Every structure is written in structure tokens, then in C-alpha cells.
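Between the sequences and the hints, there should be enough to build the whole structure, so can you do that?
Chains as they are written, first to last, in this note's numbering: chain A, 103 to 233; chain B, 103 to 233; chain C, 103 to 233; chain D, 103 to 233.
None of these hints come from the bench; they were simulated from the model.
Among the hints, a few may not be true.
Under 8 Å between C-beta atoms, here's a sample of chain C residues computed to sit facing chain D [as the list claims (entries may be wrong)]: (1) H136; (2) A137; (3) S164; (4) V187.
Computed from a predicted structure; not experimentally measured.
Built from N, CA and C at the ideal position, the CB exists for glycine as well.
There are 4 protein chains.
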Amino acid sequence: MASLGIALERVAPGEVDLTLPFRADLTQQHGFLHAGVVTAAMDSACGYAALSLMEPEAADLSVEFKVQLLAPACGAWFRAAGRVVRSGRTLTVVAGELRAFSGEEPAGDGDLVALLAGTMMSVRDRPSLRD
Amino acid sequence: MASLGIALERVAPGEVDLTLPFRADLTQQHGFLHAGVVTAAMDSACGYAALSLMEPEAADLSVEFKVQLLAPACGAWFRAAGRVVRSGRTLTVVAGELRAFSGEEPAGDGDLVALLAGTMMSVRDRPSLRD
Amino acid sequence: MASLGIALERVAPGEVDLTLPFRADLTQQHGFLHAGVVTAAMDSACGYAALSLMEPEAADLSVEFKVQLLAPACGAWFRAAGRVVRSGRTLTVVAGELRAFSGEEPAGDGDLVALLAGTMMSVRDRPSLRD
Amino acid sequence: MASLGIALERVAPGEVDLTLPFRADLTQQHGFLHAGVVTAAMDSACGYAALSLMEPEAADLSVEFKVQLLAPACGAWFRAAGRVVRSGRTLTVVAGELRAFSGEEPAGDGDLVALLAGTMMSVRDRPSLRD
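In C-alpha cells, the structure reads:
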């Protein structure tokens, strides 16, 4: 997270927004933010969103996610939003999106870049995995 | 790719293997390689595998992928393998996997860490996207 | 569609709602509607939603979809909603959901049973695939 | 299952093959087997494969799956193969495929129609869900 410049913007129960600056050194060959960075930002937002609803002693691990890349990730900065769709005892279903912003005010809603649909698992009985 | 230390190990028509060292600065909070890095390595291997079957003037973009995280990404180094399952005129279906290796010889098959199932799109008519 | 009792409830540009009655002969071993039926309903709703934005001579084919089963599909009837998230020249990104209703008035929003995130391809040059 | 004409062909630990005849009443508008039927067959094969490795008192539920439709599902009959990729205490990762056969001997490997990558959950503590 720190190495990507990701910052926490907003936390609410089951909802987390992260921001991410554009960085030329994190692009793929076409100058867009690499799919791995896009994924990392959305997965992190969703992981924190899931964690915000879990018991204090629990940790969460990503079981699987699907990422849909709708538009090239180009912009001055990005917002990754994670949201809990269904919170269960063991599994949490999450949805994420990444939006691009030009850097000019007013920011508006940005442009939808990518979607994530995933499953997180709550892990309780491994002390070494406590967040 | 370079910033992750990813290196090309093997290229065959429709098949590409990349290697990736463990790096402590690319881990998530539990000391495993971050899901974004795991994804980037598999997506890159699949992208090169798709490109190996495309016409010279084409570029390929990831449309979507699903990643399944089967085991913590811990090890001395990792191999990301990408393979073309079906190559079409517009879309290429790809499969990827990441395996972890302890660093001791003989390497063997390693431990399966993650799977990727994805769709790539061949883009022909945008000169700025030529790989 | 007809063999599942699926009926068209609402069509708007890029949005289609279908309804589906509960049928005991379409359940899996636990008495819930089978995942294949849940998928068929959401895929059909998304397919029609995609078609509603395509040129008259185009047909649409499902390229891939992910289905998340959030709750058992039990109820008196179900609504499958399909929505176009991004409509491109070749590919259309769609999102679907299935909700269960008890059959008592007022219907309300129902209970979320399943989500679909998928990709449709517009096919223009195959006369035999014209919808 | 019965209403689709699905039959059990082979069971081994973690591997199940099902067969499915072509039926004109289960096609979509283009005359191919409907995506819901393709999904149901692969999901069933994967569910049985997961169950083959579970404790006797456990039931399995599909948590999520991704289906990739690689070719039109046309043929005289189809084989859906399900395989356990990773079996855990709570979650089982499965992979499935559907192949089409012309009905003429020798059958060979058939033509790959679709792939499934999914997650099953083992449910132990609900007597009503015992398979």
C-alpha cells in the first residue's frame, strides 16, 4: 500500500474509499496504470471494508476476485471504493470500483475504470494473521 | 514489470513463464506477497502468451480476469505461467497460475499459490497501442 | 426461457427485468432453485439489456460471467434484473442480480439471492445469429 | 439434474464426469445449448467432485463460479467434467469444463465448449442440508 502511494480517504461500516496518485513507474506498456495496481487498490479497499464489519480478533484474506477493466486507467489520481455486499460468519462478499479523476476541480464522480467482485474469508483462529 | 523484478523465463507459442523474486516490500500485512503483485505477474504472463499468437501489428488488453488465491504467496521465488486456452480473432481466453518455490534444489513443481482465468482483447486499429 | 417460466417484466434502454416463478422441479437437492436456473435468469436479463442498446442487425453472445450465490434461492417468485454497465462497439459489460419475493404484498425490494458480472460480445457478421 | 437428462459417467476421488444429451428444448435463440444448462452441468460435476472428498456428514454449496463460454454448445451430447483443485476445511476450489461430441465413434476428446472456475463451501452444522 505505502509503496503504491495509496491513502485512506473515508471509512464507514462496510465501506472504505482509498486514493491513489498516478505514477508513471506503475504503468504498463501503453502508459496506463497496470492492471496489478488497479487490482491492488480495489482489493485493499474491499479488504478494509470487510475488516470494518468483522470481530476485533479476526483477519480477512481474499479468497478470489474478478476484475473487469472497463477503460484505460489514465488520470491524475484514482479513487478505489470497496463495499461489503453481504457479510457472513465465514465469508464476506465485496464489490469494488476504481474511478479516474483529472485533477481539476470540481472532482465530480470521475470516470469508471474498473470493477471488482470478490469473496473474503474471515480467519479467527490464527494468531499470526491478526490484523 | 521491471519494478517488480519480473523476468522472462520461457516463451513458446501461446505459453509464457515469468519468474518473480520474493520481496519483503511487496507483501501485505501478513508477510505474503500482495494479491496485486500475484495478479500482476499472472496477468503479465497471460498477456505475453496471448501476444505470442497475435498478428505483428496487434496489441492486447486485459478485458477481465478472475483470480483465485489458494495459498499464501510465501517462498523464495515464484513462477507465473500464462497459457492461451482459445485464440480468437478478437478475444483470447487465457489461463494462468503462480507457483512458489523454496529456493532449494531441485526446484520441482513448486506449490500452487493462485490461478487466473481471463479474457484478452486484440486491438488492431489504434497505432498508439502497438506493443 | 419459456421452459423456465421466465417472463419479461420491464424493458428500458440498457435495463431489463425478468420474473421467474418458483418451481419445485427446478430445485437442487436442498429445495432451492438450482444455480443453473439462477444463472440462466440473470444471463437472460443481461443479454436482453445488452441487446436493447445494440444496432438492429446485431446479436449478442455471452463471453463469460461470474455468479455469486449470496443466499439460498427460496421464495414464491424471483426477479432477475440485468443492466448494462459499459456498452462498447464489440463488448458490453453487464451486471445482474436475482432477488427473491415471498409472494405477499407489498413486494418491496425482495431478498438478494445472487449477483452476476459478465461480458457480452456483439456479433454483426453472422446472419444466422441475428436475434 | 434429472430434468436435464444429466447422467453420472465416472466418479473418482475429487473427479466426476457427467454426460448430457443435446435437447432442442434447452437451447437459446441460436440453437445452442443455453448458458444456464452449460453452467448447471459443470456446476453439478464440480459439486459432486467436491462432495467426493468431504466428510460424510457435510453438504456443499456453490459460493461462486466463473463460466467462460469458448464455443457454441452444439453437438449430439456433452461431457461435463468437475475436478477439485484445492480441498480445504471450509472451502473447496473447483475447475470444470464442458466438451461437445458429435455422436460418431470414436469419441475422442470432443470440442471444448466452456470452462468453470469456482468455490464451494462445506456446510457441516445444518442437518437439513445433508446430501
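Okay, the hints, checked on the actual structure:
1. With a cut of 8 Å, the hint placing H136/C at the interface with chain D holds, because the nearest CB-to-CB distance is about 6 Å.
2. Evaluation of the A137/C hint against chain D yields a held restraint, the C-beta minimum of about 5 Å falling below 8 Å.
3. Below 8 Å, beta-carbon pairs count as interface contacts, and S164/C has one with chain D at about 5 Å; its hint therefore holds.
4. Evaluation of the V187/C hint against chain D yields a violated restraint, the C-beta minimum of about 17 Å exceeding 8 Å.
Figure legend: structure checked against the earlier numbered hints; the only hint not met is number 4.
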